[in-house]
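Colleague: Chains as they are written, first to last, in numbering that gives the first Met the number 0: chain A, 0 to 342; chain B, 0 to 342; chain C, 0 to 342; chain D, 0 to 342.
Please keep in mind that the hints were generated in silico from the structure rather than gathered at the bench. Quick caveat, the model's predicted, so the values are computed rather than measured. Mixed in with the good hints, there may be bad ones.
If the Cβ cut is set under 7 Å, some of the chain C residues that face chain D in the computed set are [what the hints assert, rightly or not]:
{"#": "1", "residue": "Phe37"}
{"#": "2", "residue": "Glu159"}
{"#": "3", "residue": "Ala263"}
{"#": "4", "residue": "Gly277"}
Computed cross-link-like contacts, DSSO-like style, restricted to lysine-lysine with a CA-CA straight-line distance of at most 27 Å [as the list claims (entries may be wrong)]:
{"#": "5", "chain 1": "A", "residue 1": "Lys178", "chain 2": "A", "residue 2": "Lys206"}
{"#": "6", "chain 1": "C", "residue 1": "Lys189", "chain 2": "A", "residue 2": "Lys178"}
{"#": "7", "chain 1": "A", "residue 1": "Lys244", "chain 2": "B", "residue 2": "Lys45"}
Built from N, CA and C at the ideal position, the CB exists for glycine as well.
4 protein chains.
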Amino acid sequence: MIRVAINGYGTIGKRVADAISAQDDMVISGVTKTKPSFGCDLAVRKGYPLYCTYDDEQKINAFHDAGYTCHGGLKTLLGVSDVVVDCSPGKHGAANLEKYKNAGIKWIFQGGEKHEMTGLSYTSCANHEQNLHAEGTRVVSCNTTGLSRTLIPLLESCGEISVECTMIRRAADPGDSDKGPINAIKPVLKVPSHHGPDVMSVEPRIKINSLAVAVPTTIMHMHAITVTLPQGHGMTTESILALWKSRPRIIIMNGGETGITTTAEVMEFARDIGRTWGDLHEIFVWEDGVKLVDNTLYYFQAIHQESDVVPENVDAIRALMGTESDWMASVRKTDEAITRMFS
Amino acid sequence: MIRVAINGYGTIGKRVADAISAQDDMVISGVTKTKPSFGCDLAVRKGYPLYCTYDDEQKINAFHDAGYTCHGGLKTLLGVSDVVVDCSPGKHGAANLEKYKNAGIKWIFQGGEKHEMTGLSYTSCANHEQNLHAEGTRVVSCNTTGLSRTLIPLLESCGEISVECTMIRRAADPGDSDKGPINAIKPVLKVPSHHGPDVMSVEPRIKINSLAVAVPTTIMHMHAITVTLPQGHGMTTESILALWKSRPRIIIMNGGETGITTTAEVMEFARDIGRTWGDLHEIFVWEDGVKLVDNTLYYFQAIHQESDVVPENVDAIRALMGTESDWMASVRKTDEAITRMFS
Amino acid sequence: MIRVAINGYGTIGKRVADAISAQDDMVISGVTKTKPSFGCDLAVRKGYPLYCTYDDEQKINAFHDAGYTCHGGLKTLLGVSDVVVDCSPGKHGAANLEKYKNAGIKWIFQGGEKHEMTGLSYTSCANHEQNLHAEGTRVVSCNTTGLSRTLIPLLESCGEISVECTMIRRAADPGDSDKGPINAIKPVLKVPSHHGPDVMSVEPRIKINSLAVAVPTTIMHMHAITVTLPQGHGMTTESILALWKSRPRIIIMNGGETGITTTAEVMEFARDIGRTWGDLHEIFVWEDGVKLVDNTLYYFQAIHQESDVVPENVDAIRALMGTESDWMASVRKTDEAITRMFS
Amino acid sequence: MIRVAINGYGTIGKRVADAISAQDDMVISGVTKTKPSFGCDLAVRKGYPLYCTYDDEQKINAFHDAGYTCHGGLKTLLGVSDVVVDCSPGKHGAANLEKYKNAGIKWIFQGGEKHEMTGLSYTSCANHEQNLHAEGTRVVSCNTTGLSRTLIPLLESCGEISVECTMIRRAADPGDSDKGPINAIKPVLKVPSHHGPDVMSVEPRIKINSLAVAVPTTIMHMHAITVTLPQGHGMTTESILALWKSRPRIIIMNGGETGITTTAEVMEFARDIGRTWGDLHEIFVWEDGVKLVDNTLYYFQAIHQESDVVPENVDAIRALMGTESDWMASVRKTDEAITRMFS
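Same shape as in the complex, but just chain A:
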């Protein structure tokens, strides 16, 4: 059993913990919180050993004072773990990396950190093999993960692709009531944006640029994608849909037939199929919103920013530990366990 520490039991951390816990080859050694809060109740409820983010006796005792059993600081947790998944809220990356290396265990960062820091990035469908037995890696962001899921198969089929993507991003998560805007569209003025090119951290052969805006919604990101295929690509709209249907973690549905025509109905679908938190780990592509015109492919995809990277973290653990060298096998194992758990 691989012993996995979750450093930062928040939006992503709580989901990764459950996904790991559902696997039969790994176990949660502990999760960290900075201070007593409702997240501690949740960890206790789930049976995850609780640790303090800091190795500071006073801060550790604060948990006891609040009635929680705290098993120690991060250092203690790392000592009883084989790999740590860093789900801390950013800006702590470099400092944490140092700690993980000192503890001599493997580590996984999330897409909020830069590729430059880890030197290696991960997406199941893109470069699982490249990550085998590595000391540590970075699971790319929700947006990059989503782009990889649909672009990698196209690249593999066509040999080369060139991509322009506009990312229409939810401005805040559902549980965040502080951030706006309430009634505005906010462009990311640094153009082209960093979002699209991050795909090249897992697959450098994809030529991609992006523009990004934030909009007043909380539930999903949307990508409006234009792909230029090479001459003689031999693809059709239908063959592209068939290709995607053959790949994991992509859901393809027809908006006209199902009535699922906005991200609201996509999220309602996710609630219906019973995943915890109403999550949708898959990328959602509208069948009737895909069209190949000569060499140019147009499509939309919706991304559940809170959860699409969750199964990727599980696969990344197997890659680092070297326990499963076939990415498809890992994905199948991960997803079956998640589905079994949640429905």
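Fit chains B, C and D to the supplied structure of chain A, relying on the hints for placement.
Modeller: Coordinates of chains B, C and D only, in the frame set by chain A:
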């Protein structure tokens, strides 16, 4: 086993079906859809026999053509059921009532129908006894249910209360992308509104009026409530909180301590505790938002419009069938099964 | 000509400056900004002398470096003014008050400051006389101003009134894209809230309490109001409407007849009548949303948070300077000039 | 004086009427409404003769009954006009066209109608000359107008361009409280969308495709644009900015320097400069959001959907009447009059 038909497998119907299915004394005899759609897949996935809302061969065959096994029309379904829960989208009440009476089975309508039609209404904590062995009843709306949960205990403690309530209502459900407003507040110009007085359909001794507005949010209603207690009431802010904590289906949390200060964080809490669809069957009251000033009690409560009536439907079935005369016993049984199922 | 300084040329300051500039008995002596920004262009465009909020040579020079003519710091501005309207963004009240007193000129604060600091508050219809020749005062907040407009006439007609008000507040101004929530309702957990009782700072005979929530809209506040009239009040719904129609700065329209049924249409009406910034200085009351039931009056009013206090500041200047002792005469003069200017 | 009829005095009609009225070479002969409403008061207030959309005595009399002077039906209005601007709410195009031809006057439709119906379309900067002395034309939509303003200069400089555009559209106008979504992103599943290619109705040499989504905001559309310039284009980011600055109806501002970083602040800027309704007739381009990378130009532009076509209608009238053959001269005349009127 009580055989329960769900007429209208939509937002409320799908939730009631699952809640019933989780009980050990009742079973879903079937659910109806007007035509093939994603809801049919969901019913099949859950193992609920699928029926057509209409007794029309052509419409029934449309299900077969779409690849679903349809067991017949509503009439057939009623014939194999002991009670029907009407979750149809309104305006069909009177016509449906006729059908249910003709089938000779018991029936439950939802709060969208008027009390005048059914002549009897139901809330677990208000008038379970009064509904015992009745032919049929109406489970009151999400708002009325929410008001009953906190007001009935006050009435029982004080003998009489007078209430003014402002209802700040979500303008559309999460899965509904058509309705607005996007950036406006919409008052219900008929004042006082019908919402509050509906409480009197289950407890006529509560004197209550209300004002209502719709606002651009999808997740919960909020009630801002002012209760005038009688002279010599003997209550304190603390004793009122203790009273509510002793009652079922009320969650009381401290906003300042937990960081749960808006409906966004309340819904995140519901997702965290793992209820399907992220539902919250309980009414949420902020401990630090309750204050008794002389004879006037001020408090806020948040209502999950999609789910607070769900367990009430289960209890109402037991009342009509006469299988459990103690409301608290029914509530306990219902809620334990729901919790067991969902977490 | 009364020389008026505007300390803080922002959302309120820019509006007050224009309203003052439209009068024939007062003139803008200057407006302050903390640093060069678009607001400076606006001041220049309008012909208002530009000053720096700080008496700091370096900060003053920053304006020159950016190409603006800056006439000096606040101290210099106060030296050429008879009265200063403080429209600074809060938290600077006490420090500014000291400066104004040292300069020996009269001062007006806005509702963001506490009544305790100024010891005197102002609403045209409530206590103009009481403010005559005072050293300084505080124009109450947009909400308090709105409440005074409709409640003072009721008090004057009935002798005593008791009020409960729920304030459904816009969470951010239209030009503010940072603040949320995007999809939530946020209750003000301190109950009863401070909003309603602030009316007593201008009219202590009104007994009033309030509850408040913030909602995801930017354009207007809404008040849901319940007034208890004394026995033998002699009023009817119609006589109350007639009373309000006879008072200034209240617009009464019928939602059913005009199609103006939400704050969106109210703001569109304001844009139609051509006020700069689409402002609505008046309180908007829906005729068909007013109803007197026995002793209890129910009504809604919509408040344009950015502008309803603007004409009040003009009147307050006349009160402090003692140049117009009749509040109605001042209001008439103010409003005619504003209307002449804007349409 | 050119006598102009406005058929449909609504969101666009009321703005076009004011813009025409501000010119010294044209006059409003009348405006139509379907029935008595607040729009009639507005027309009266502005001094525009009021007509009924229908030539139906009963409907005409309804205006008189409501206290308005109605000068007759549409037919009567067309009889005293030289040109009619059709601002009716769509679906009436073909029927109206027939009426206009029968009346023997010139006509202008808006972008809601198809190019196929009119056979000719209009944008000031694209094809004014082509519209000279034509019988009628169609002023293209707000989106197409916006695209033309920035793309035509690029085309003229480079000889050929190829464009991909993602349109992030406001889902409802500010005064519309019915439409949603409240919390979702809605893709236009027909891909590529019709929006971009409509530019080719005024300039067929531009190669363009688009994708479109609707988002929960009311104030502006946003375009995320990628332009491929031909080899040897000779442009730089700076020369493109200089090019646009030399063209009318484009505002270029630096988001980082001005703090205008979202559509909320853009609209606040428009309110500040004092245009009626807070309109912004110009396209807003962020200087720091423009970047040329090799042959690919990236930029964002914000479009005020309610008003950018307003001055175009004025110019189109001059084109049809043949009174001004130089588009730049017409634009200058139009815009000076609008600015004089509004500020």
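Colleague: If a hint holds in the structure, say so; if it does not, say that too.
Modeller: Here's how the hints hold up against the structure:
1. Interface restraint check: C/Phe37 against chain D, minimum CB-CB distance 5 Å, threshold 7 Å, status holds.
2. A cut of 7 Å between beta carbons decides the hint on C/Glu159: the least distance to chain D is about 37 Å, and the hint is violated.
3. Annotation: interface hint on C/Ala263 holds; nearest CB of chain D at approximately 4 Å, less than 7 Å.
4. A distance limit of 7 Å between C-beta atoms decides the matter here; for C/Gly277 the minimum to chain D is near 5 Å, and the interface restraint holds.
5. Between A/Lys178 and A/Lys206, the direct Cα distance comes to roughly 33 Å. Violation of the 27 Å bound is thereby established for this hinted pair.
6. This hinted pair checks out: C/Lys189 and A/Lys178 have alpha carbons roughly 22 Å apart, not beyond 27 Å.
7. In summary, the hint linking A/Lys244 to B/Lys45 is supported, as the alpha carbons are separated by about 24 Å, within the 27 Å threshold.
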